[in-house]
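If you read the sequences in order, they're chains A and B. Position in the first sequence (from 1) plus 240 gives the number in the working numbering. Position in the second sequence (from 1) plus 23 gives the number in the working numbering.
Note that these hints are calculated values from the structure, not bench results. Watch out, some of these pointers could steer you wrong.
What the hints assert, rightly or not - Residues from chain B shown here face chain A by an in silico Cβ test under 10 Å; the list is partial:
(1) L43
(2) P44
(3) S45
(4) M191
(5) A192
(6) T210
Note that the structure is a prediction, hence the values are computed from the model and not measured. Cβ atoms here follow ideal geometry from the backbone N, Cα and C, with glycine treated the same way.
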Amino acid sequence: MPIEFPTLNFIALTPALTVIVTAFLVMFVELFVTDKRILGYLGLLGLAIAALFTISLFGVSPVPAFQNMIMSDGYSLVLDLIFIVTASLSILISLTYLGDRGLQRGEYYALILFSTGGMMLMGAATDLIVIFLALEIMSIALYILAAFNRQKMGSGEAGMKYFVLGAFASAFFLYGVALVYGASGSTNLNAIGSWFNSNQASLSDPIALVGLGLLLVGFAFKVAAVPFQWWTPDVYHGAPTSVTAFMSVGAKAAGFAALIRLLMVSFGNEVFILDWQIAIQALAVITMTGGNIAALAQKDIKRMLAYSSIAHAGYILVGVAPGTIDGVQAVLFYLMAYAFMNIGAFAVVAVLERRVAIGSRIGAYAGLATRKPLLAFAMLLFMVSLTGIPPFVGFWGKLYVFRAAVEANLSWLAVAGVINSAVSAFYYLGVVVQMYFRSAATEEEGQGIAPINLGGPVTVTLAIAAIVTIILGIWPTPLIDLASLAGFG
Amino acid sequence: MTLSVLILIPIIGAIIVAVLPSERKDAIKWAAFITALVALAVSIPLYFGFDSSQTGYQFEEIRPWIPSFNIGYHVGIDGLSLFLVLLTTFLTAIAVLSSWTAITDSLKEYMAIMLLMEAAMLGVFVSLDLFLFYLFWEASLIPMALLIGRWGGERRIYAAVKFILYTMAGSALMLVAALVAYAWGGTSDLPELVANLNLPVNLQILLFFAFGLAFAVKVPLFPFHTWLPAAHVEAPTAGSIILAGVLLKMGAYGFMRFAIPLFPAAVPFWTPLLVTLAVIGILYGALVALAQEDAKSLIAYSSVAHMGFIVLGIFSGGQQGMSGAVLQMVNHGLSTGMLFFMIGILYEQRHTRLFKEYGGIWIKVPVFGSFFLIAVFSSVGLPGLNGFVGEFVILLGTFKVNWVAAVFGTFGIVLAAWYLLTAVRRLMFGAFNPANDYLKDMNPREIAIALSLVVFFFVIGLFPNLFFDKINPATAELTESINISTLVAGQ
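Only chain A is shown next, with the shape it has when bound in the complex:
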């Protein structure tokens, strides 16, 4: 008697699988190589192959897989590209950064790849259980990465804090899953959605609403939305800068990836949209305002970027609030733009942090424009782009999400967004003021900056990030066209 296998459709999972297989490969090869940098390049190769699979899948998507627990559709594929970009740029930073600090160890690259695999699964998951598994695959790797610089107190603290609060968030999430399952009888996102659509009475079911609320809290932790952001500054500050670059973009994008699919597919009912729209709007405004105000007071660039990443979560929530496919595509555009400019900014921080005399104090950036004109210019680009000033890609990200808000009659969110952008100019340009308008205050700082050797892989990150920030700033159409491929299968 032939045994019937369920159709698994592994093809839908090829991008994530490639990344995870590469991770195992990295761990295996690690045994035989002494120069651990090879493992980083191996990781890059794996990511490149994953990118090829992703691109080729655009032609055949949507492909459901694993009994509808996974879905490879336009939405997940665009996200895959975002994660691949994030991981690749971060690995390039790490190759230089880790070497300088004697942290060049093979498991680092394996962890980045596992985490990336988890992120990709979060984008593709169409089942609450799979979302949870993916969340943990991503997060556990990140906890270790945050604490990777064991010798440094701050790094261990970062890992611990991230772990405890991450576990806390997972608990909220699981409780939400249980309640939603109780209300709808399924953990499959589509099944939940059709249950609510066909049972009008369940739309006001308090269990479903509380469940949705708890899921939102869980995701709000992951994307660092106010008031669930407390872990962010300490973790971003303490973790190795290359890790901070990776998680500030990747983990945020992954959190939004699963959140948006959940909201759009399971709770996309018009009645539900009205419910969660209010929550998301409130979250968006307090997140961007809170993040920006806290960032104003920072003296350390990593903490400043941490708070500013909170503010960016707020801008992204502006794109989530409308509950339209246009808003979703705007969010994806924003995340891709954010990947380039934010990782670019962290790359500059990583380069300068190599000198003990500089560290990550903003004040130590004084006079950089005279000593390292190109590095300062790159930082200028990223700061201006993060502020949302054209002609750089960050402007189009903001324009796109605000446009989605205005077209959904949420103009007030766009107003809150632009006012916040103006506020953010103050601290982003504070870095520019240091680099361009001041000269190095002490001889020690001057000495510290002088011997910086650019060069090596981190330069590649800087160059790619800067060029993309400019080119997509002048001609954003390719990325807009890419984002417009995103749809739910």
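Following the hints, put chain B in place on chain A, whose structure we already have.
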């Protein structure tokens, strides 16, 4: 194509300057100056090719930019923008030339920024798409802030940060307003929106406010002017020339190109407030200018007063006032640019701009003195020179509609003569201050710059119709659009 080429030339020039080695200072200067001259040369045919018998836009170019959003690359000029484009290319060449010896630190970056600035300003004046305009509008911020903050005076950081925060905060709401107009009209193409957009009056009033705020900060209209004196005093000479000569015009131009034609029904609502603020600005700017001890600060406040005239003209409610305002933008750019340039010559030698440090220098520097006097005469509106034509036409236009504002405005002219001639007296005449013993008169380069400006003082002053002929069709159309919408609203 001409307009796109015009925007591209300074960008290419900036790239060339940026790749030159920093030690080759002469090569950098010449590369920047030649770029500015090429841009000027390309812009001059715009004047001769401009057909004044025709309304609407000329030298138009439309290309898809972000097709899925219906946002296009649409550029073109009409009577409102023609002379501002020419003013930009002309003053940039002068600004580059005026920095020949004044700037020694980071010359390469300076020249590259100057040229990028030119590209952004040209973009502002030729854009006919809301988002293209916004892109250039914001893009002009960073270069100017860098010019002030990097090469400015003692309090340059304060001035640069204030400049950028004021203007950014001012234009934040404009983006939302543009998005709202775009959401209603389905396109961001200006001519299409002007033709088809029919917003409820209340919404027009709101959106006009959002656009108007950005423009009022840039002009700057009282009480949003406080960034201007700080920026002017701290900016290097060339920065001041560009700031006063071109950048402030972007605000006034924005009212005429975007705020009024897009939301004509809001004009009657906002006119009383704007006219009042303009008049306050004229008198306040003049009175504060009287009390200044720093020559640059005096000219900065005089700019507040002069820009008040321009806003008064725009909202005078008639075509005459508007045409006068357009011409006065050019006049103010030329005469204030020249005043800043002249003060820069003194500052380069003495490193001070305080009146008490000068006095009686006419005998030492007669050529300088003569040119300075001409610039002052142009600025106070002496008949026969350019300033007279602009101010007279604005006041004439205003008088017909709102004689009270015109009377106050006239009072402003009297005050302008007072503070500017006082400045001349304190600098040039009176007891000779021996500290100026080594003051050198203008060199041939400086004389060439001054002469090129003075020529235009006379050309505009004596043959204003060379300019009005091209300006009038555009302002006629604009006035008409206000009148029609007022009629419709009144019914």
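Under 10 Å, Cβ to Cβ, is where T210/B needs to be relative to chain A, so tell me if that hint holds or is violated.
-> 13 Å, violated
Minimum beta-carbon distance criterion (10 Å), L43/B to chain A | Nearest chain A Cβ about 13 Å off; hint violated.
Does S45/B pass the interface hint, meaning its C-beta sits closer than 10 Å to a C-beta of chain A?
-> 9 Å, holds
Does M191/B pass the interface check with chain A, least Cβ-Cβ distance below 10 Å?
-> 5 Å, holds
For the hint on A192/B, does the least C-beta distance to chain A fall short of 10 Å?
-> 4 Å, holds
Agreement of hint P44/B with chain A interface, Cβ distance less than 10 Å | 12 Å, violated
Violated hints for the displayed structure, listed by number in ascending order: 1, 2, 6.
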